[in-house]
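Number of protein chains: 2
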Amino acid sequence: MKPLRIVSFGLGPIGIRAAALIAQKSSLELVGAIDIDPALAGKDLGAVVDAAGAAGVRIDSDARRVLEETKPDCVVHCTSSFIPNVREQLEVIIDCGANIITSTEEMLWPTLQQPEMTAELDARAKARGVSVLGTGVNPGFVMDTLPAFASSVCYDVRHVTCRRYVDATTRRLPFQKKIGAGMDEGEFRSLAQAGKLGHIGLRESIALLGAALGFDLDTIEQDVRPILATATKKTEYLEVPAGRVAGIHNTGFGAKNGKKLVEMDLRMYVGCEDPHDAFVFDSTPPFELRIPGGTSGDFATAAILVNGIQSVVAAAPGVRTMLDVAPPHLLR
Amino acid sequence: MKPLRIVSFGLGPIGIRAAALIAQKSSLELVGAIDIDPALAGKDLGAVVDAAGAAGVRIDSDARRVLEETKPDCVVHCTSSFIPNVREQLEVIIDCGANIITSTEEMLWPTLQQPEMTAELDARAKARGVSVLGTGVNPGFVMDTLPAFASSVCYDVRHVTCRRYVDATTRRLPFQKKIGAGMDEGEFRSLAQAGKLGHIGLRESIALLGAALGFDLDTIEQDVRPILATATKKTEYLEVPAGRVAGIHNTGFGAKNGKKLVEMDLRMYVGCEDPHDAFVFDSTPPFELRIPGGTSGDFATAAILVNGIQSVVAAAPGVRTMLDVAPPHLLR
Numbered sequence: 004m005k006p007l008r009i010v011s012f013g014l015g016p017i018g019i020r021a022a023a024l025i026a027q028k029s030s031l032e033l034v035g036a037i038d039i040d041p042a043l044a045g046k047d048l049g050a051v052v053d054a055a056g057a058a059g060v061r062i063d064s065d066a067r068r069v070l071e072e073t074k075p076d077c078v079v080h081c082t083s084s085f086i087p088n089v090r091e092q093l094e095v096i097i098d099c100g101a102n103i104i105t106s107t108e109e110m111l112w113p114t115l116q117q118p119e120m121t122a123e124l125d126a127r128a129k130a131r132g133v134s135v136l137g138t139g140v141n142p143g144f145v146m147d148t149l150p151a152f153a154s155s156v157c158y159d160v161r162h163v164t165c166r167r168y169v170d171a172t173t174r175r176l177p178f179q180k181k182i183g184a185g186m187d188e189g190e191f192r193s194l195a196q197a198g199k200l201g202h203i204g205l206r207e208s209i210a211l212l213g214a215a216l217g218f219d220l221d222t223i224e225q226d227v228r229p230i231l232a233t234a235t236k237k238t239e240y241l242e243v244p245a246g247r248v249a250g251i252h253n254t255g256f257g258a259k260n261g262k263k264l265v266e267m268d269l270r271m272y273v274g275c276e277d278p279h280d281a282f283v284f285d286s287t288p289p290f291e292l293r294i295p296g297g298t299s300g301d302f303a304t305a306a307i308l309v310n311g312i313q314s315v316v317a318a319a320p321g322v323r324t325m326l327d328v329a330p331p332h333l334l335r
Numbered sequence: 004m005k006p007l008r009i010v011s012f013g014l015g016p017i018g019i020r021a022a023a024l025i026a027q028k029s030s031l032e033l034v035g036a037i038d039i040d041p042a043l044a045g046k047d048l049g050a051v052v053d054a055a056g057a058a059g060v061r062i063d064s065d066a067r068r069v070l071e072e073t074k075p076d077c078v079v080h081c082t083s084s085f086i087p088n089v090r091e092q093l094e095v096i097i098d099c100g101a102n103i104i105t106s107t108e109e110m111l112w113p114t115l116q117q118p119e120m121t122a123e124l125d126a127r128a129k130a131r132g133v134s135v136l137g138t139g140v141n142p143g144f145v146m147d148t149l150p151a152f153a154s155s156v157c158y159d160v161r162h163v164t165c166r167r168y169v170d171a172t173t174r175r176l177p178f179q180k181k182i183g184a185g186m187d188e189g190e191f192r193s194l195a196q197a198g199k200l201g202h203i204g205l206r207e208s209i210a211l212l213g214a215a216l217g218f219d220l221d222t223i224e225q226d227v228r229p230i231l232a233t234a235t236k237k238t239e240y241l242e243v244p245a246g247r248v249a250g251i252h253n254t255g256f257g258a259k260n261g262k263k264l265v266e267m268d269l270r271m272y273v274g275c276e277d278p279h280d281a282f283v284f285d286s287t288p289p290f291e292l293r294i295p296g297g298t299s300g301d302f303a304t305a306a307i308l309v310n311g312i313q314s315v316v317a318a319a320p321g322v323r324t325m326l327d328v329a330p331p332h333l334l335r
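Residue numbers (this note's numbering), protein chains in the order written: chain W, 4 to 335; chain U, 4 to 335.
In case anyone wonders, no lab produced these hints; they're calculated from the structure. Treat each hint with caution, since some may be false.
Which copy is meant is left open, because identical chains are indistinguishable; a pair holds if it fits in one copy or across any two.
[As the list claims (entries may be wrong)] Computed cross-link-like contacts, DSSO-like style, restricted to lysine-lysine with a CA-CA straight-line distance of at most 27 Å:
hint	residue 1	residue 2
1	LYS199	LYS129
2	LYS199	LYS180
3	LYS259	LYS5
4	LYS5	LYS129
5	LYS181	LYS5
6	LYS199	LYS5
7	LYS129	LYS259
8	LYS46	LYS259
9	LYS237	LYS181
Assemble the whole structure, with the sequences as input and the hints as a guide.
See below:
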């Protein structure tokens with residue numbers, strides 16, 4: 004089969020990993036790269052992402068020009084977490100006739116925050132015959148699509164609890180900063196209140212999983228608290244003295260008529276001693292699942308964005324979710 | 004949304020459970036039931052499957068008559084493990100314009116045993132605009148589609164081992180007989196050699212998972228051995244004295260150029276003390292997954308056949324696999 008033609012859009016930490024991975028896949032051909040950072044414009048993608056297979060692709064800040072020149076089958080899009088920030092970018096890609104797989108967390112279940120923009124994007128994508136899919140490891144896999152798929156072997160599911168405990172010790176510095184490692188509690192709380200800290204997408208995970216389980220949720224809430232270090236913890240980049248913030252505890256739930264049906268428990272902190280992903284159904288028959296060690300965050304998001312390309316290319320046109328495209332699997 | 008109209012075809016142990024489950028789902032309407040057993044013909048399905056929601060549906064042995072009268076959206080088909088045995092049944096259903104979800108183990112990856120029949124069924128289904136899907140818990144979920152989906156969060160997978168250890172102690176008597184519980188070793192080996200014992204579908208699981216991981220396998224082999232009881236074990240139905248057969252150990256592998264890439268280890272026996280499903284990837288990043296207690300066999304196959312109805316109805320026409328339909332999830 005002819006390789007699919009791919010353009011990378013957005014060369015932040017995830018976009019760079021995704022581009023390097025695309026360059027390794029014989030079923031994919033990296034034909035263009037877009038980033039709005041003027042410092043990157045004109046540079047060779049191979050040097051920026053440190054992958055020989057990406058050499059010869061020049062980074063350009065003009066999305067429309069790249070897309071019209073390269074006519075890709077699919078764009079791997081990693082620029083922002085929020086739909087209003089990416090809307091125009093997605094419109095340009097759709098208008099150029101390319102499918103889209105995006106790390107934009109709100110696009111996992113886009114009707115939750117932006118039902119009108121989603122309806123417009125959906126109509127636009129259908130008119131142009133292309134599909135748009137939001138995914139990632141979290142949101143996108145461990146706390147939503149994986150338990151959704153597992154529910155297929157159950158007669159009934161009455162309640163689900165998902166846990167994800169991540170040890171931030173060996174993660175990259177921006178990740179350690181994102182979870183507040185090293186801050187004092189007051190600083191953490193004011194940043195968290197301003198929405199400048201923490202994980203994005205827990206609400207979307209709850210919405211997707213609630214829909215998959217047919218819960219018809221009327222309430223989705225979340226809360227962010229600091230996890231304080233009980234002893235001094237060191238990483239390659241920073242030190243967390245006892246009493247300061249080691250990381251974040253993000254909880255959330257989906258409820259119907261005051262009854263919690265979906266509960267989420269996400270902890271990401273320096274010094275986590277039992278990292279794992281897990282979920283437990285209150286179900287017939289009983290079912291629980293555990294991923295010892297947990298699913299590697301940075302790698303896994305880049306991987307599912309790239310491995311998911313075939314699913315979005317094969318999907319019916321429109322804004323899709325992980326519940327209505329074929330399950331991604333390893334692409335070679 | 005209007006409920007999907009469903010016909011049950013085949014009322015053996017799995018078919019009965021599936022029919023009872025369909026009757027509970029508000030998104031599904033049980034409109035007909037087919038079984039070739041003359042003892043069942045004319046009986047009320049509600050009485051046979053012991054489900055009030057199935058009452059009023061008369062069991063009929065004439066498939067074409069039922070399908071022409073009821074015009075179902077989908078048929079849940081549970082009659083035989085082998086494609087040659089079900090081929091004519093599937094053709095009648097396709098010709099009547101209904102989608103099919105089937106427990107026929109060989110249909111999980113039908114090109115493995117019957118490439119020509121599969122091509123004919125595929126052409127016939129496409130001409131009639133309907134889809135055909137084989138699934139179940141094993142084959143269909145734990146040792147194939149679930150690890151295939153999990154591979155989406157990996158950069159690369161070099162090898163996979165899947166384990167499923169089932170405690171047969173509390174399973175139904177036909178299951179205990181199927182795994183040889185209580186036999187002497189000689190009887191087990193001669194029945195196993197004649198293909199009259201054991202699990203069907205391990206080759207199909209290997210083929211699906213190998214394809215999902217891009218391994219391009221050239222060899223698929225399996226082996227069946229008895230597990231002997233080391234002490235006397237009792238179930239509700241039978242006793243296994245020490246030294247006699249407690250159950251079955253079914254191993255298999257898929258290889259390329261003499262190198263094993265997919266390995267399967269399936270044990271189903273009376274007295275299994277650590278029942279679980281698990282798989283381990285040799286991968287980047289490392290990944291393993293465990294289902295403590297394991298996925299309940301009888302329930303889970305009926306569940307995924309019923310929960311998968313929406314996926315097969317929404318799929319593109321033709322013979323499909325679990326890799327190219329939307330992942331099933333709980334239907335209400």
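Results of checking the hints against the structure:
no., hint, in the structure
1, LYS199 <-> LYS129, "neither (35 Å within a copy, 52 Å between copies)"
2, LYS199 <-> LYS180, "within (11 Å within a copy, 61 Å between copies)"
3, LYS259 <-> LYS5, "between (48 Å within a copy, 23 Å between copies)"
4, LYS5 <-> LYS129, "both (25 Å within a copy, 24 Å between copies)"
5, LYS181 <-> LYS5, "neither (40 Å within a copy, 46 Å between copies)"
6, LYS199 <-> LYS5, "neither (43 Å within a copy, 44 Å between copies)"
7, LYS129 <-> LYS259, "neither (33 Å within a copy, 42 Å between copies)"
8, LYS46 <-> LYS259, "neither (52 Å within a copy, 41 Å between copies)"
9, LYS237 <-> LYS181, "within (16 Å within a copy, 56 Å between copies)"
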